[in-house]
Every structure is written in structure tokens, then in C-alpha cells.
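Model the placement of chain B on the given structure of chain A, informed by the hints.
Top line first, the protein sequences correspond to chains A and B.
Take my numbering: the last position of the first sequence gets the number 241, and nothing is skipped along the way.
Take my numbering: the last position of the second sequence gets the number 533, and nothing is skipped along the way.
Just so you know, the hints here were simulated from the structure itself, not pulled from any lab data.
Be aware that a few hints might be false.
As the list claims (entries may be wrong) - Listing some non-contacts, in silico: residues in chain B with all C-beta distances to chain A over 10 angstroms: (1) SER21; (2) GLY158; (3) ARG164; (4) ALA175; (5) ARG198; (6) HIS438.
Claimed, not checked - Derived lysine to aspartate or glutamate pairs resembling EDC-like cross-links, with alpha carbons at most 20 angstroms apart: (7) A:LYS110 to A:ASP64; (8) A:LYS166 to A:ASP180; (9) B:LYS325 to A:GLU240; (10) A:LYS209 to B:ASP88; (11) A:LYS196 to B:ASP88; (12) B:LYS180 to A:ASP146; (13) A:LYS195 to B:ASP88; (14) B:LYS325 to A:ASP234.
Beta carbons: idealized from backbone N, C-alpha and C, even for Gly.
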Amino acid sequence: MRDVDRRTRVSRRIFLRGSATAVPAAAAAAAGMTVTAESAWAQAAKNLKPQTMATLVKAARDTYPHDRLADSYYITAVAVYDSADPTLRALMESGVAMLDAEAKKRFGTPYLDVLSETDRVSVLRAVEGSPFFKKLRGDLVVTLYNQKPVWVKFGYEGASADKGGYINRGFNDLDWLPEV
Amino acid sequence: MAQFDLNDDSVVCIVGSGAGGGTLGNELAQKGVKVVILEAGGRYEIPDFINDEWASFAQLAWKDMRTTSGKWRVARDFPNLPAWIVKAVGGSSIHWAGASLRFQDHEFKARSTYGAVQGANLLDWPVTLQEMEPWYAKAEDKLGVTGTNGIPRLPGNNNFKVLAAGARKLGYKEVHTGNMAINSQPRDQRGSCQQIGFCFQGCKSGAKWSTLYAEIPKGEATGNLEVRPNAMAIKIEHDARGKVTGVLYVDASGATQRQKARAVAVAGNSIESPRLLLNSASPMFPNGLANSSGQVGRNYMRHTTGSVYAVFDKPVHMYRGTTMAGIVRDESRLDTKRGFVGGYELETLSIGLPFMAAFLDPGAWGRGFTSALDDYSNMAGMWIVGEDMPQATNRVTLDAKAKDKNGIPVASVHFDDHANDTRMRDHAYRQGAAIYEAVGAVRTFPTTPYPSTHNMGTNRMSANAKDGVVNKFGQTHDIKNLFVSDGSQFTTGAACNPTLTIVALAIRQADAMTGMMSRGEI
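Okay, chain A solo, but in the shape it has when bound:
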């Protein structure tokens, strides 16, 4: 069977072009970025506090954790919240404040510093009925899973008409079952 090459490809050109404000996902992944408020991408936020950006990224991964996905995809997914819209900004800042308050109550530290994923998830479960979490979760379904580089990681090939469909590219190449 023809499988899908899931390796991240980082071209030299992307590295050269990359800047702190617009980190190409592939470059970020390759650079092994970690999620802290000191990260360049968090510091580059125009409307949200760096700590808020970093917490959203962490919460996004805890909501839809895929160990095969680098943080860069979660960074891309929540970038939309660094918005000039005051209502959206207020929802995100107050939502992260709520996460931090819940985390402090349970574990004595802000959300970002809770070490165990299980513990952080317990914080999210506590707030899952809130408008903040409903929006974050609902948006992530699209902002995370509709990134084309993410598709490759799951072995999904996306558009095929431009490649002539699958008629000569493995639509019936499954070979591990008896023919019926």
C-alpha cells in the first residue's frame, strides 16, 4: 500500500525568511519551541498578554493532545485570539484568569506551571461549561484540524482532483485482507 510521508519538511528558504512575528509552523517545530510566556511568539502578541498567549497554547494542547504534533500547530491555532476585538480579548484574558484561579485553588500555581497533564485537564474539566472553554474548544476543531500541514501528520492527503484523483494512486491498494 502507498502510505503517506508524514515527515516535516523544513527548507532553508523558510529559515532564512522566518521572523519572530511570523514563525512558519515547520520552522517552529524544527526549532523545538517550548511553551512559555518568554517565547518570542508569546512576546510578539499585539493584544494579549504573553502569559495569556502561552496559557492558551498549553490549554489548546491539553484539550486536543496529539503527541505527534509540535507546539507550533497549537500556536497557529490560537493565534486568532490575539485580536484587536475588545470583546474577544476580554473573553480570552478573563478565561485564562479563570484557568489560573482554578489551578491555584487545586495545585497552588498558575495553569502554565501545573506540571502534570492529568492535573491540567482536571482544571479544564472544572471549567468546561464556561463560555470561554466552549469557544476555545469549538474553535480548535477548525483552527487546529484545518491546518494543511496537520493533515499530513495524520496521513490525510487533502485535495486529489488536481492530481488526477486516486484512480492510479492507491484507491484500492489495500493488501492485508482477502479479496472478496
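Then chain B, alone, in the frame of chain A:
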């Protein structure tokens, strides 16, 4: 191409250009009848279609406001998206997967076959299979259905291979790649299937039948058919004698226009069609047009659907090739010993990663959910299509508050599963999982129904005017020059994807209408 005057009252005005309206329009045009089709959506051609689920949804889906109520999960997960259907020239014939099945004989006689089912508003169709057979034959020829007319079936893709191997192990007998309105060889000036996938997003090769390119252009070539896109019908008007006289619609510029007509056929799918009849209420018809029975909007059916996905320890890549690539028909038999009346089909289905994330378990999060998506490339999938019970309380009404951009009340869709529906779905979930487990599935996912794609029953056919909205030709009982031409005519839904029957009824209706016209009845 024809352009008819707004005041030309010799035209037949059809609302909607999908499987029902588009077919009726072409058939009438071929017979020399002048037709204006009003289509709410825009006109996109094959090169415009997009192999990308969300982008295509944004392009083609009916996203105008609707509301929901009832215990169905769609009302909670997608409160303003009860149905996943199309707003564009070609309607949902752009989006359909192509499965083309004839009703079985007993499925036209649900009330007398199943008896009185408590809580169900069952009724026999006023037509029989025998009466419909010649029209089904014409429809199969028109659609180029594989497995009919000497047309070979399509080759099975990977998703089918898994379904078929599992079904055979379980002892199922009628397992094949379906009766599909997708060319397995060039036919009707359209090429053969390139196994692109993305059947729901509009067929980029044109191998799948759609009124957009297989009917409407032929009708237009006669000079008798005009299709007006971006024309949202808002009211059907009538005269003092109670005959309809034309349709008010809002055009692309936002201006209200009046197309006069000798007859009107409503084919806006089972949510918009009753909405239009209800919004056309007048002092003479205070409960809406053609609604003396009170049945307009009632008996809304959506098939007992659901999906079963399964993860294997080896790759499947189910998204490669036709979306609905095969079928198991054994459970559609007449057999009430299973704990429910009616039957169901199991048909392969695949959705891409973006829609899998949205529809596998709406609202779910955490590792239980993401570990399923992690195995996306090792997934196979099937869809359940079962006969659901018509219920008077499952109903399209006008929302008391919400209005569209034209100030017209929107449709509100109420739905509760009947106990028979639930028993059938549970049975199908078990059988579907067993099929996959028979060939080594490591995990199976009974998956909740998506927003409805098969919408039926809200202007149903009946022999008696008190039981339904239209007669056996889709002519309303109350108003002789007002017709219904879509799946809302269905008296019951059978265990069949509805399009072939919609097309067969439309061909038959065109024949009946021209007869009525030549006899001066309408």
C-alpha cells in the same frame, strides 16, 4: 438561453433546482413547456468546486439561519444547522453521494405492512412499486446507475474492501459496490469516475450525476428553461378563486420581484418547501397554502442514520476514491423479528480529517477523542440508512422570533427519535461494529447522526386529502396548479437514499403536468 418576462403567466415556476426541481424543469422544457426555475443559491460550475471540506462547505452549504428543538443531538451540537444540504444551482444533487436504490414493494405500503405503530403517523403511499417501476427505469437510465442498464459497477476502494471482507465473514450475502449514479464508463457526454473522493464537495470530474450539469444545460438548450440564481422565493401568491398566480422572490440585488406563472412547483427540499407554503398564508388560506389537512411541515423524516468508524492496526486510507463505495443490503429485508419495523442499509462513508474532527463526537475533547483521530489513516467507515417513523410532532414550523435577512420567519425543525428508530440504530451499530471486528478492528466508534442530509415527508403524499398535502402526482390536494416536487412528498422514507425516487417522481410528474395542461386542467 431563454429569458422570460416577469409578467409571462404562461410559464411554470419551479422553486429549487436540485434533484426534484432541476429534473422537473428539464423534463418540462423537453416537452415544450416554458419554465422558470428560481434558485436561492448561486451558480457554480465544476471547475469552481473545491476539494477541501470546510472551504467547500462555505461555498455550497445552506447556512442561512434555521432553529431546532427536540431531543435529537443535532439540536444540541448544531442548533442552527439541522441539515447539511446545498444552496446553489443543482441543489443537493451537487452534494449527494450517488446511491440510487429503488424502494421495495412493501416500503410503499408501510402502514399496511407494519400495522399501527404507536406514536407513528404511518400511511401507505398512494402509489405502488408496480406503478413506479417504469419511472424508476427512466430515472436509472437518466442517472446512468451502475448495476442497471448493463452499466458495470464501480471498482471497490480500500474502504469497501474492509466492509466487504467483514460483511462476508459475518455471512452477509448482498454486498457490492452499490447502484451508483456515478459513471463507471463514459456515458451521457460525461467521463468516468477518477476515484477523487470529495463526492460531497461537488464532483470535479462530472462522473456523478447532478442536475447542475446533467439536466439543466439540456433544458436550457431547448430555449424553454430559464434558471435564475440568487432568487430567494418568499411567497406564493393566489387569486380570488384560490389558484396560484406566481411567486414573489428577492433577487441578487435585494429587490423583490414577482414571477407570474400558470403553475408553481415547490422543490426547495423538505425544510424550505413547507416553510414557503407556511409563509404564503393568506386570508383565504390562514394556515398556509395547501394545508387544509394541517400536515404541511409534519412527519419530518431524516432516516435513522448514524455511522460506525473502526480503527485497524494497518492502513486503510478510506478517503481515497468514491465516498459511498459499497453497500451491505441484507438488513434492509422485511423482518420485524429484529425488534423493529423497517430495515436499513449499511453503506461505506468516509470524511476527511477536518470533518472527522467535527463530527466523530461533537463536543468531545481529551485523549479519548484525540487517540481516535491519531489513527485516522487506519480507519474505515460506514453509514446507516434506515427507515424512520413519520411522527406528526416531528415538524417544520415557522420560528416565532427568528427572521432571515429579508424579514421572513425562518424554519424551525423539531425532531425526536421514535423508539423504533432507536432500536434500529442500536441494532445497526452492533452489526456495523461486528463487521469491522470480524476483520480485526481494534476499536469501533458508533457515531451520532450528522446534520440531516436525507430530508423527507413534510408535504406528504396521500390518497385522501385529510391525511396529507399532495396526491400521487405531487399535485396539492387543495390547489390544483400548485405542486410539490422534492423529497417532502415522501409518505414514508424506506431504507433507501431518496434521490432516485425523487427523480422518478419528477419525471412522472412532468408527464402528469403536461397531460393536465393539454387537457386544460391547469
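Hints and how they fare:
1. SER21: holds, 42 angstroms
2. GLY158: holds, 16 angstroms
3. ARG164: holds, 13 angstroms
4. ALA175: For B:ALA175, whose nearest Cβ neighbour in chain A is about 4 angstroms away, the distance does not exceed 10 angstroms, so it is violated.
5. ARG198: holds, 17 angstroms
6. HIS438: Nearest chain A Cβ is 23 angstroms from B:HIS438, so the label holds.
7. A:LYS110 to A:ASP64: Not satisfied, since the Cα-Cα distance of roughly 42 angstroms exceeds 20 angstroms.
8. A:LYS166 to A:ASP180: Measuring from Cα to Cα gives roughly 12 angstroms; hence the hint holds.
9. B:LYS325 to A:GLU240: At roughly 16 angstroms apart (the allowed maximum being 20 angstroms), A:GLU240 and B:LYS325 satisfy the hint.
10. A:LYS209 to B:ASP88: violated, 25 angstroms
11. A:LYS196 to B:ASP88: Since the Cα atoms of A:LYS196 and B:ASP88 sit roughly 13 angstroms apart, the hinted pair holds (cutoff 20 angstroms).
12. B:LYS180 to A:ASP146: violated, 58 angstroms
13. A:LYS195 to B:ASP88: Holds - the C-alpha atoms of B:ASP88 and A:LYS195 are around 12 angstroms apart, at most 20 angstroms.
14. B:LYS325 to A:ASP234: Satisfied, since the Cα-Cα distance of roughly 12 angstroms is no more than 20 angstroms.
Violated hints for the displayed structure, listed by number in ascending order: 4, 7, 10 and 12.
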